[in-house]
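J.: Listed here are the chains, written in short residue letters.
2 protein chains.
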Amino acid sequence: MNAFTYYNPTRIEFGRDKENNIGQMIAEQGVKKLLIVYGTGSIKKNGLYNRVIESLKSAGIAYEELDGVVSNPLLSRVQDGIDLVKSHNLQAVLGVGGGSVVDSAKAIAAGALYSGNVWDFFIQKASITAALPVYTIMTLAATASEMNGNSVVMNDTTHQKYSIASVLVNPKISIINPELMMSVPPEYLAYSATDIIAHTIEVYFTATDHPHFQSRLVESIIKTVIETTEILLKDPLNYDARAEFAWASTQALNGLTNSGTGGGNFPNHMIEHALSALFNIAHGAGLSIVIPAWMKWYKAKNTPQFERFAKEVFALDTADEGIAALEQWFRSIKTPTTLAEADIPRERIAEIAENAHGLAVLWGMGETYSAATIAEILQNG
Amino acid sequence: MNAFTYYNPTRIEFGRDKENNIGQMIAEQGVKKLLIVYGTGSIKKNGLYNRVIESLKSAGIAYEELDGVVSNPLLSRVQDGIDLVKSHNLQAVLGVGGGSVVDSAKAIAAGALYSGNVWDFFIQKASITAALPVYTIMTLAATASEMNGNSVVMNDTTHQKYSIASVLVNPKISIINPELMMSVPPEYLAYSATDIIAHTIEVYFTATDHPHFQSRLVESIIKTVIETTEILLKDPLNYDARAEFAWASTQALNGLTNSGTGGGNFPNHMIEHALSALFNIAHGAGLSIVIPAWMKWYKAKNTPQFERFAKEVFALDTADEGIAALEQWFRSIKTPTTLAEADIPRERIAEIAENAHGLAVLWGMGETYSAATIAEILQNG
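Those sequence lines, one after another, are chains A and B.
Residue numbers for the first sequence follow my numbering, beginning at 13 and rising by one.
Residue numbers for the second sequence follow my numbering, beginning at 13 and rising by one.
The following block holds chain A by itself, in its conformation from the complex (with noise of 0.2 Å):
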C-alpha cells in the first residue's frame, strides 16, 4: 500500500428539501452576497430555481446570477462568471446543477482570485494559491463533483477539454437531494452510470498497488451502480435506488478509492476528452465507447485484476469474459459501445488521437500513450 493524504472538507448535506435551507447554511459561513451558476433553465421550469432564490432571499444574501452552462461546459462561460464576479466583488459561488454547472462554479471560484487568465490553471502554466468559496447543489449524480476539488472545463478556442485539480475548489456544503434527480431521463442516467464506473476503475486496474480494501470498496460501487441503475431504468422514482445510486457515485471520485493505490491514471477520460472536445457527445457515452475498446488492449498488462473484477462484479472466471459483462451491460442501458452508435467516422480516428495525446502528455502518461496508441485503443471502438 502506497503512502498518501486523504483530504476531504466538503460536507455534504443528503436527503429530501435539504436544499430549502441552503441559504441558511452559506449564511452562518459570513457570505453575504455571491453569484448562482446554473444550466439551460431546467431549474427554472422544475420550480428549484425558485426555492433557492427564497431561500437565499431570506437569509439576506444577495446574488448575481450566471446562466447557460452547457454540458462539455465552456471555458468563455467561466470568464463571464469570472468578470461578474470581480465586478460585484462576489464572495462565493453557487452551482445549481450537474458537473458541468460546478465545474464551472469551481473554475470561476479560482479565477476570481486571480489576475492573469483561469485557463494558465488547465495547462499548468499557474497553480492555484487562493479560491472563493464554493457551495453546490446537485441535479445529477455523476462527477463527484460535489466532493471533490476536480474542474473538466473545454476551451472553446483550442477544443482542448482540460482540467484542474485543487482542494481549495472542493465545495465547502454539497447538497445531495435524490428527489431532484428523478427526473435525468434514461440516456442521462445510462452515461452517468457509465462515468461513475469508469471513475473507479480507472485507478483500479491502473495502479501500482492493489490493497484488497481498496478494490472491495471500487467493487461495491459498481454493483451499487449498476442494481440501482437497473432498477431506475424501470422505476425512475425510486427515492432508494436514486439515493444509493447518488452516495455511491460521490464516494467514486472523492479520493476514497484511490488512496494507497499509488500510481494510477486515467487513460479512458483522457481518450473520451478528446472525443467529446471534437465531437461533443455526452462524456458518458464517450467513456462507454472508450472503456471496452481501452480494456481489451490493456487486459494482458494486469491480468490478476481483470480476473478479480471478472469473478467479483460478475461471478465470472476470466479477464475477457469481464470485459464481454461490462460491455453488454453498456448495450443493455443504452448507451453507445461503439465509435459508429455515436456517429463518429473511423477516419478521425488519427485527429481524435492527436488531440488526446496532448492530454496524455499533460497528465504525465505522454510516453505509454502515443497518438499511434491510442489510435490502436480506438480501433477496437
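No lab work stands behind these hints, which were simulated from the structure alone.
Remember, predicted model here, so these are calculated numbers, not experimental data.
Watch out, some of these pointers could steer you wrong.
One copy or two, it doesn't matter: identical chains are merged, so the pair holds either way.
As the list claims (entries may be wrong) - No more than 25 Å apart at the CA atoms, straight line, and that leaves these computed lysine to aspartate or glutamate pairs for DMTMM-like: (1) Lys184 to Glu25; (2) Lys57 to Asp332; (3) Lys44 to Asp329; (4) Lys246 to Asp221; (5) Lys313 to Asp252; (6) Lys311 to Asp332; (7) Lys323 to Glu239; (8) Lys137 to Glu239; (9) Lys235 to Glu319; (10) Lys184 to Glu40; (11) Lys45 to Asp168; (12) Lys246 to Glu40; (13) Lys69 to Glu379; (14) Lys313 to Glu379; (15) Lys323 to Glu199; (16) Lys57 to Asp79; (17) Lys69 to Glu333; (18) Lys308 to Glu366; (19) Lys235 to Asp329; (20) Lys45 to Glu191; (21) Lys235 to Asp221; (22) Lys184 to Glu66; (23) Lys323 to Glu242; (24) Lys56 to Asp95; (25) Lys56 to Glu191; (26) Lys44 to Glu339; (27) Lys137 to Glu242; (28) Lys235 to Glu324.
Please build the complex by placing chain B on the supplied structure of chain A, with the hints as guidance.
T.: For chain B alone, coordinates are given in the frame of chain A:
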C-alpha cells in the same frame, strides 16, 4: 435511505516516516506551542518520542508534556492536561499513541476552552462550542479516533466510561504510519480487530434502513479485517496487511458506513463500557464477549440482515451460522468470548447491567435496554 450530514475535515497523512514531518505540518497551521500527550513510555523506548520532539524543535514549536495516559483513559489525567494547557497558554494538543491517548487529547482540547468541568460534556450537561486543534500520530489501529470527533473517557471517581462526539475535536491532521503499529502484541491486535468489527456491525444490524451500498462497505471492512488479522498474527511485520488493517479501521468509524442508515445505535459498546469501567479489561476483549451474546439476543429483530451477514462475510446461510462463525473467529484469534475467560464473575452481572443501563439512558436506548434486558444478554456471555 435516510437523510444525513457527512462532514469529516480531518486530513490523513498515511505512510512510512510521515511522523517525521509532524512539526512542519503543525507549524504551517500557525501553532507555536502545544501539549504532547502520550502513554506509559513505549514511544520513548522505540524512538518515536525522540523523532517527534526533533521534528517539533526543528519547526520551532515549543511543547509541554502529559504522559501516563492508560487504556480506559482517566478523567483525572485529562484534567491534568487541561491545567497544563491553561497554565502555559498552549495552542494545540498532539496525541501520540492509541485511542486512549487521542481520546484524552480531544477531551483536553475541548476542556481547555471551557470554564466548567470537562465532564459536563460527557454527561451532556454542556455542549462543546470550541476546542483547540488536535493532531495525532497513531500507534494502534482500532478506534478510528484519528478521523472522528469521538472521545471516550473514564471518570475514575464515579466509574462511568462515557463519551463525547463533536466535529470540533476531529483531528486537524492525523499521521497513520503502519510501521509504528508493527510492535502491537498479538492479543491487542485481536482486541483491535474486534473493536473495528464492532464499530461497523452495531449500525449494520440496528439501523432503521440498510442501503445495500452501506452494507457492502461494512462487509468490505470486515472481510479486510479478518483477512489482514490472520496474516498479521503469522507475520507481524507485513507492511501491506498492517496498512490495510489500519485504513479499514479508520473507515469503520469515520461516519462513512453509517451515513444514510438512520437511527442505528451502539448497544455492544454501551454494555462493554460498563464491563471495562468495572473490571478494567481491554475494550476489544470486552466487546468479543458482548457481541456474540448480544447477537444471539438481537438476531430475531432483524433476521434478513443477519442472514445477509452470514452470506456475505462467511458464505453461510443462516443467521445462527453467521453468529457462530464470528464467535468461532474471535476464539481463533484468542480474544475472549465468555465472561469466565475474562475472570468476570457471573454474580456481578446485575451490577454490570445497572452501570450499562445508565449509559443506555444517556444514549437514548434506555427503554430497549433496561437493566434486566442487559442482564439477560450478558447471561449469553
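J.: Enumerate the violated hints, using their earlier numbering and listing them in ascending order.
T.: 2, 3, 8, 11, 12, 13, 15, 17, 20, 26, 27
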